Structures are given as structure tokens and as C-alpha cells.
Amino acid sequence: MKRRQTKPPIAPSPEELAAYADGELDPAARVRVQDWLCDHPEAAGAVEATRRLQRAWRATTPDDPAEAAWGRVLGQIETRVAAERSRSKRVLGRIARIMLPLAGAAAVLFALTLHRPVTPPAVVQPEPIEVLPVASADDIEIISMDDADRAALVVGKPPLWEPMVLVSPGDTSEIHVQPDTDGMRPTVTRPVDGLATTIIVAPLSATPADEK
Amino acid sequence: MMPVVSSGPRIGGVLQELRPARPSAPPPLSDEELLACFQAGQREALEELFRRYRLLAYRVAYRLLGNEADALDAVQEGFVKVLVHLDTFQRRSSFKTWLLRVISNAALDLGRQRGRQEFLSLDAAEGDDREGPQPLADGNPALGLERADMRHLLDDALASLPPAQRRTFVLHAEAELSYREVAEVMDISIGTVMSRLYYARQKLRAFLARRLPVAP
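Protein sequence lines, in the order shown, are assigned to chains D and W. For reference, each letter of the first sequence is one residue, going 46 to 257 in the numbering used here. For reference, each letter of the second sequence is one residue, going 327 to 542 in the numbering used here.
Some hints here could point you the wrong way.
[Stated by the list, open to error] If you anchor each label on the Cβ, the simulated ranges turn out as follows: (1) W/417 <-> D/134: 22 to 28 Å; (2) D/154 <-> W/514: 50 to 56 Å; (3) W/395 <-> D/145: 44 to 50 Å; (4) D/132 <-> W/514: 32 to 38 Å; (5) W/515 <-> D/153: 52 to 58 Å.
Just so you know, these hints were derived from the structure itself, not from any lab. None of the values given here were measured: they were computed from a predicted structure. Ideal Cβ positions, reconstructed from N, Cα and C, are used throughout, including at glycine.
Extracted from the complex, chain D is given alone in its bound form (with noise of 0.2 Å):
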């Protein structure tokens, strides 16, 4: 029987439709969905389209490999994992043969320290390095953007061909920095027109590594 609500069902969004075409959504969301659909019977062609290229996938499944191939691959798994299981133990080998001696030699010389009064030598805090977040391509989906916006955008494919240098106060001269108004961008008024600008980070030098 067809739920009726006293207030028209708020409109699912595409991804809500997908999702309820997967039968990925919870009872509630469906029941609101398809009461949505039952008012909106234009929008079930949305529902079919996911449904129809699930269909299209699964009638396209690669075919099964040969059992050899299974085979090979199982024994080159069995190779491999072993060689790496006896590499592990030689350097585990290696570094107990090492630090033995080190560790013999570092208790003679607690011992010996125990009788002598030491002076506790100065600790130095290394200097706290800040980590600077780089998205990759990945991490970023540009949906929409507005076209005011473009001249903001800073694209490139990673790898950085140098280290990404931050400039020191010394080598800048900071003429005018507007207020971050919008919580984005910071501007710079350009002395030669009195223009604002964008700033724009960037590495210092884009030179490739492979071309020097």
C-alpha cells in the first residue's frame, strides 16, 4: 500500500537515487524515495539508468584465467613471499651480529660512567619543521567552480622536480595585503597599476631534474 505523507517527500539527490538503485540506502531512506518516486514517475528513468549499466557490467565479466595460470602465479607467490621472509631473517642476522658487539661495548661503558660524575650535556630541540599539505590528484574532485575563481586555481603533476622552498621574510617586500575577506584567497595590491592580485604559490624553480 502506498505511503502518503502529509508534506510532499523531499527530493532525494542524484546520488540518493543511485544509491537507492544499489539498495544501498537504510529503510527510511528508501521508504522517503520511492514515496518520492510514486509523485515523480519521470525520475524513475535515473533509477533504471544505474540499474541498466549494473546489468551491461555484470553481462561483461572477464573470463576466468586457465588453472595453469593460477598455477605460475601461485608459485611465484610461494617464491617470492619465501625469499622475503629469508632476506628478512639475514638482515635481522646482520643486525643482531652488529648491535651485539654495540650493545657488549655500550654496557662497558655504563658501567664505567656509573663511577664518574657526568655533566648531562646540553639538549638542542630541533627546530620544529612545519609540513606543508600537498593534495594529489586524487584527493581532489573539481565538481563546479566559478570562472572568477580559475585565475586561483595552481594545477601541476606531481612529482615537484625540486623541493618546494618557503620564502624567508628577507626575500620579500610586502607591499599590501588585503584583508581575507572570504577566507580564501589573499590579495596583493601590484604597484604598478594598484591592481589586487592573487597570490599564488608555486615552487621557485619548475626547471625538470632530467633536463639540467
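Given chain D's structure and the hints, the job is docking chain W onto it.
Just chain W now, with coordinates in the frame of chain D:
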């Protein structure tokens, strides 16, 4: 028939269960139990794990790479990585989702190294000689396409997607992982899974619509 090795009362008893299942046989070992047996040095446990997940891993890798040889290489690479780094498996997710995470990463890495796009476009230009014609079992007959042709088209359409969308779609459509499992494998939110699936499908449909009289 799988050889059964007697190696102590506990493991020996466990290995009895690795025999092919019979109606009265006890339930098969869980992934966790097989991993423990493998770590104890039992080769049969690795064979069973491999048999259990090889096809799923292969199909995911195949969809991401577009050919059998590369897909088998990715399966090998993924299994080796998982087994060598078993100590780092924190059991927060299932072995299956962990394996698929590693396999799909290995496949994308391999694709980048070997230039999947070039392979696909060359292959398409040379025609399909990978297999004989097979009718679409559940496809749209109006498309008038053989199964292999349709798969080639889907391969090409997939290759046109950004790697993150491609991986999300393949994990859901091919491995039949739920949104939650895909989110777990890719370490993203369910909302992101929904969004990526939606845009992936849009692009796939648009790609196919340009090449087919009736888009699926």
C-alpha cells in the same frame, strides 16, 4: 586432493578441515584461522586463501588494467605484499577488504607503469583477437554487440575515468562491495563513495552514448 600434513595436534587438527568440503564436513576455516596457519608455516593455508580470493582479486585487477597478463601480475603483486606485511594487518577491516585495497593499488600502480591508456587504444585500433565472439548474456540486444566488444567499450570508458573514480566504481560494481566496504577499502567517507559512483556512472554513460546507438 590437497595433501594433509601432520604437524602437531592443534595444527594437524586444523588442517583436517582443509580437505574438500563434504555434506557432513565441518565449516571451512575462517580467513583469520587460515592466516594463523600460514604464519605457522602451513603451505596449504596459503593455497586455500589464494583459491578463495584469486578470482575476485583477478576481476578487480582486470577491470582496472584491461588485460589478463597485467591483471595476473597485479594479483601476484598484491598477494605478495599482503603476505609479506601480514604483521601490519591490524584486523580493523576484514582480510577481504584489506586484500582488495592492496590489489587495487597494485593494479593502478602497474597501470601507471605500463601505460594502460596506450595499451587500450592500440588494442582497440587493432581489433579484438582476445577471444571469440560471445553473445551478451544479459545485455541489451538492441545494442547488437558481442560480449567482448561490449567489454572493450566498457574498458575504454573506464580508462577515461580519473583513477579514484575508476577504483571506486570497480570495487562496487565488480567486487560487489557495499558502500561501507568501499569506504573502508579506500579510507574515504560513504558520502564520497556515493559522489564518486554517481559521477563515474555519468561519465561512463556519456562515453557509451557517444559510441552506441542505445546507451546501457
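Hints and how they fare:
1. W/417 <-> D/134: 22 to 28 Å: Holds, since residue 417 of chain W and residue 134 of chain D (Cβ atoms, about 25 Å apart) stay within the stated range.
2. D/154 <-> W/514: 50 to 56 Å: holds, 51 Å
3. W/395 <-> D/145: 44 to 50 Å: At roughly 47 Å between Cβ atoms, residue 145 of chain D and residue 395 of chain W fall inside 44 to 50 Å, so the hint holds.
4. D/132 <-> W/514: 32 to 38 Å: holds, 34 Å
5. W/515 <-> D/153: 52 to 58 Å: About 56 Å separates the Cβ atoms of residue 515 of chain W and residue 153 of chain D, which means 52 to 58 Å holds.
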